[in-house]
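> Note that the protein sequences, when read in sequence, are chains G and Y. Sequential numbering of the first sequence, starting at 1, is according to our numbering. Sequential numbering of the second sequence, starting at 1, is according to our numbering.
Hints should not be assumed to be uniformly reliable.
Quick list of simulated restraints, FRET-style, between CB atoms [what the hints assert, rightly or not]:
| hint | chain 1 | residue 1 | chain 2 | residue 2 | range |
| --- | --- | --- | --- | --- | --- |
| 1 | G | S31 | Y | L40 | 54 to 62 Å |
| 2 | G | Q445 | Y | E32 | 47 to 55 Å |
| 3 | G | F446 | Y | T33 | 24 to 32 Å |
| 4 | G | G60 | Y | L24 | 52 to 60 Å |
The hints are simulated quantities; they were obtained by calculation from the structure and are not laboratory data. Nothing here was measured: the structure is a model prediction, and the numbers come from that model. Note that the Cβ used here is the ideal one computed from N, Cα and C, for glycine as well.
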Amino acid sequence: MKLPEINLYLIAPEIILSVFGFLVLLLDVFSAKEGKKGYLAILSLIGVVIAFFFTLPLMGSTQTGFEGMFISDGFSLFFKVLFLMIAFLTLLISMGYAHREGIELGEYYALILFATLGMMLMAAGSHLITIFLGLETMSISIYILAGIIQEDRRSTEAALKYFLLGAFATGFLLYGMALIYGATGSFYLKDVASHIASKNLLRNPMLLMSLVFLTIGFGFKIAAVPFHMWTPDVYEGAPTSITAFMATGVKAAGFAALIRVFFSALPAFRPDWTMIMWVIALATMTLGNIIAISQTNIKRMLAYSSIAHAGYILVAFVAGNDLGTSGILFYLMAYAFMNLGAFSCIILLGKKGEENTLLSDYSGIGFKYPLLAASMTIFLLSMAGIPPLGGFMAKFYVFSAAVKSKFYWLVILGVLNSAISVYYYLRVTVLMYFRESEREITGLQFSPASVIALILAVIGTLYMGIFPSNVLTFAQRSIAGLM
Amino acid sequence: MSILGIPILSFLIFFPLLGAVVLLFIDKQKLETLRVVTLLLTLVEFFVSLPLFFIFNSKIGEMQFVEDYWWVQSYGISYKLGIDGISLLLVLLTTFLTVLCILSSWKAIEHRVKEFMISFLLLETGMVGALVALDLILFYVFWEIMLIPMYLLIGVWGSPERRVYAAVKFFLFTMAGSVLMLVAILVLYFIGAKTTGQGTFDVLELYKLGIPVETQYWLFGAFALAFAIKVPMFPFHTWLPDAHAEAPTAGSVILAGVLLKMGTYGFIRFAIPLFPKAALDLLPLVCALALIGIIYGALVSMMQPDLKRLVAFSSVSHLGYVMLGMFAFNMQGVQGSIYQMLNHGISTGSLFLIVGMVYERRHTRMISEFGGLSKVMPVFAIFFMIVTLSSIGLPGTNGFVGEFLILLGAFQSNVVYGVLAASGVILGAAYMLWMFQRVMFGKVTNPKNEKLKDLSPREITVLVPMVILIFLMGIYPKLFFSKMDVTVEKFLKDFKGKVEMKADAPQPKVTAELKK
Chain G
1 MKLPEINLYL IAPEIILSVF GFLVLLLDVF SAKEGKKGYL AILSLIGVVI AFFFTLPLMG
61 STQTGFEGMF ISDGFSLFFK VLFLMIAFLT LLISMGYAHR EGIELGEYYA LILFATLGMM
121 LMAAGSHLIT IFLGLETMSI SIYILAGIIQ EDRRSTEAAL KYFLLGAFAT GFLLYGMALI
181 YGATGSFYLK DVASHIASKN LLRNPMLLMS LVFLTIGFGF KIAAVPFHMW TPDVYEGAPT
241 SITAFMATGV KAAGFAALIR VFFSALPAFR PDWTMIMWVI ALATMTLGNI IAISQTNIKR
301 MLAYSSIAHA GYILVAFVAG NDLGTSGILF YLMAYAFMNL GAFSCIILLG KKGEENTLLS
361 DYSGIGFKYP LLAASMTIFL LSMAGIPPLG GFMAKFYVFS AAVKSKFYWL VILGVLNSAI
421 SVYYYLRVTV LMYFRESERE ITGLQFSPAS VIALILAVIG TLYMGIFPSN VLTFAQRSIA
481 GLM
Chain Y
1 MSILGIPILS FLIFFPLLGA VVLLFIDKQK LETLRVVTLL LTLVEFFVSL PLFFIFNSKI
61 GEMQFVEDYW WVQSYGISYK LGIDGISLLL VLLTTFLTVL CILSSWKAIE HRVKEFMISF
121 LLLETGMVGA LVALDLILFY VFWEIMLIPM YLLIGVWGSP ERRVYAAVKF FLFTMAGSVL
181 MLVAILVLYF IGAKTTGQGT FDVLELYKLG IPVETQYWLF GAFALAFAIK VPMFPFHTWL
241 PDAHAEAPTA GSVILAGVLL KMGTYGFIRF AIPLFPKAAL DLLPLVCALA LIGIIYGALV
301 SMMQPDLKRL VAFSSVSHLG YVMLGMFAFN MQGVQGSIYQ MLNHGISTGS LFLIVGMVYE
361 RRHTRMISEF GGLSKVMPVF AIFFMIVTLS SIGLPGTNGF VGEFLILLGA FQSNVVYGVL
421 AASGVILGAA YMLWMFQRVM FGKVTNPKNE KLKDLSPREI TVLVPMVILI FLMGIYPKLF
481 FSKMDVTVEK FLKDFKGKVE MKADAPQPKV TAELKK
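Assemble the whole structure, with the sequences as input and the hints as a guide.
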């Protein structure tokens, strides 16, 4: 019997994340009870940085490992960099926040590391089971993280809701995968594609069903309409740092797996899923934007905005060309910066027992906390797609991909959506700069780590808007082997 | 030409930005320092831009002072700048008006001075950038950058009652138009990439494309919508009176003086040369809207009780002339149109300054509150009279030259347009003079007006350059025409060349019908 080939070097970043995750768990047991858990966050940060440095040397070559179940190509490495970046910023944001909200738990940091590990596996899976394992690792960690503030009822509710619906969606996903196996006899993405091509399974009912089920499963993770129902409640209830993590990381991982499975395994069904996704993209953008207008809580508003952003990204998915796929990668990175930035602003504006997440709490802070408000303005305008910020360039690439594939109406409806979205993003700036504060927000303590995260996010958002070339080239090179 | 090793156009774009950064480090309590520093910065900007006027070679119709670097090479987006006879004058107008705006805000802006000055400098960066950009994406970026400072100017320093409404309306109107333009830009890019094999956003390259007429209609429509909202043409003008009425004086001046010109400039730089056939075919529509704007704007002005709204609606009327002249597609019309852009910047800008000065004294803009001011404020009355006459277009002032040429051009292209537009001149005289009479003449009926102070030296300093320009442009227009002659000739030659070339091309639909 031949031993399976094992190339640990390929999964070094994943190994490091798990090791540090367990280390954090272990040290947690031996450390003092209250207020002394900050070093665990720093330890996790170190883990993320080391994992990052083990990811870099893998760049530039495509290798598979573990009997072809795991692939390390440009696409997965781009996402690994993205996930590590998101984890890094999330950990920074969390440091002050967790302490403030009394989340004195080592597992908080460990779970962030494990969730990141899951995301990385999702991007690197070339086998449906690998992708599924990654997805579950990520999801279960996030379920716990969403409900980690046990005394907060909304947090617990968020976790339960997310868990129940998430488990259901996972069921669909798994069913879809099983049907693919049933029809083609393989879990390997490449084999599935070649089976479909060689045996002409284009009208195979099992595969068509699986297409629908996979769309549902992934649609849930990326919060696409009509599988978005959980988003506002969960985003509102979960700890803000975790909301940021979900909106950026989970969404990006969902897209990574969606692109990988659909483009590698099911390219033959492109005409079918293009139609489905066209409708979903439009519904997602429109519904997200329109409902966002009527929100009074900024976390809920950003939840709907994140739904809308999933819609814009799906526009590029529909386009289905090189430009679109690299556009998606660019978009997810820009979105990570601006969204994490916006959430860190939200965190900085709160204090213990006073979250200040109502829109009216933002009245008049423009001249009281000028730098905080200016950063928030940058993030919101970037989400609205105003140049010269990252969000503009991201939308530009996404829409140009769709124009290239001649989806003119989708683009026109998309940009009009973008114009609608300006309204609610602007409303926050209206409150911040044009209105007097209704009540004083005083005694804010800016945690240095969150401020660093904020500065990094501002730099990232501006950099991707003013000098988009480098990231775009990186994204374009990353999708080379995929299409 | 370059300054400190930086090419002049880049310098003009980024110097105000740098200035804004400098202001960040000044204590916000030191109001006087902030004002002086900003004034100096804008003066430097103006004096750096001034030599352009003399160095500019008016014998060449091509772009000058060109800078061309890659921005995003893989996408064909470049950082390409350059000016011709049209943008040269508009850039100068921008730098000139900005100085006066800062000067006029000396007393009017009392709170959050630092933020005001920073916004204004950012606005200047956006305006200059949009005027000199020769790459569509670069233009779009600056076009949008202008929005944010203007939005803040209206929203933060506007008059208390409806500033937020006006600011948001301004932003949304402009944004809605420009996103569709972005789609059109993308479509254009891919048409270019398909025909030449090399995608580019360089306007000068895109001019050369032969775009199918059917597609031209769509693309022209998208561009025209964005620009028509900005101009604003009837029926997209509804944001303008609100924005003008609520904005602080300096905001109104720069909005009328430069931002509205971005719309007309957009037509002449982008929409018409890129899609000449569509422009020609849609000429009746554009001219009809322009004429409606002229007459409707004038009639509504007449009924306004509020001085600022009156001037705002007069802008709708004046910009109607600009559009009409441009779409006459002859030398007189186009030259008159460009001249009128400058005139409007100066005359209407001055009118807003003057209204602002009265407002600072009385904190009201209602015409009914005034009367007999000429006795109380004689110096003010002289300036007001000159500006009013210039706005009406009295011979000897700048307004006459522009309107006359536009009418000349309009009559040549279509007598009906000419006749209707000329009737607008009469209406223009009517509402301006009536307003002037109600504000300035008669007895002082309102006791609050009895002790108004006449203009201060600073205010006179603001108005004198305007008045000098009014007469200079009225008496010696050649100075300015000589700069744009060749450019406009080239514009018309290219336009006619392209339109005729298209007409010669086989038109399948017609032949199909003939075969039947």
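> Against each hint, give a clear statement of whether it holds in the structure.
So, going through the hints one by one against the coordinates:
Separated by about 59 Å at the C-beta atoms, S31 of chain G and L40 of chain Y satisfy the suggested range of 54 to 62 Å. Take Q445 of chain G and E32 of chain Y: their Cβ atoms lie about 35 Å apart, and the range 47 to 55 Å is violated. Against the hinted window of 24 to 32 Å, the Cβ-Cβ separation of F446 of chain G and T33 of chain Y comes to about 29 Å, which satisfies the hint. About 42 Å separates the C-beta atoms of G60 of chain G and L24 of chain Y, a value inconsistent with the hinted range of 52 to 60 Å.
Against the hints set out earlier in the document, violations occur for numbers 2 and 4.
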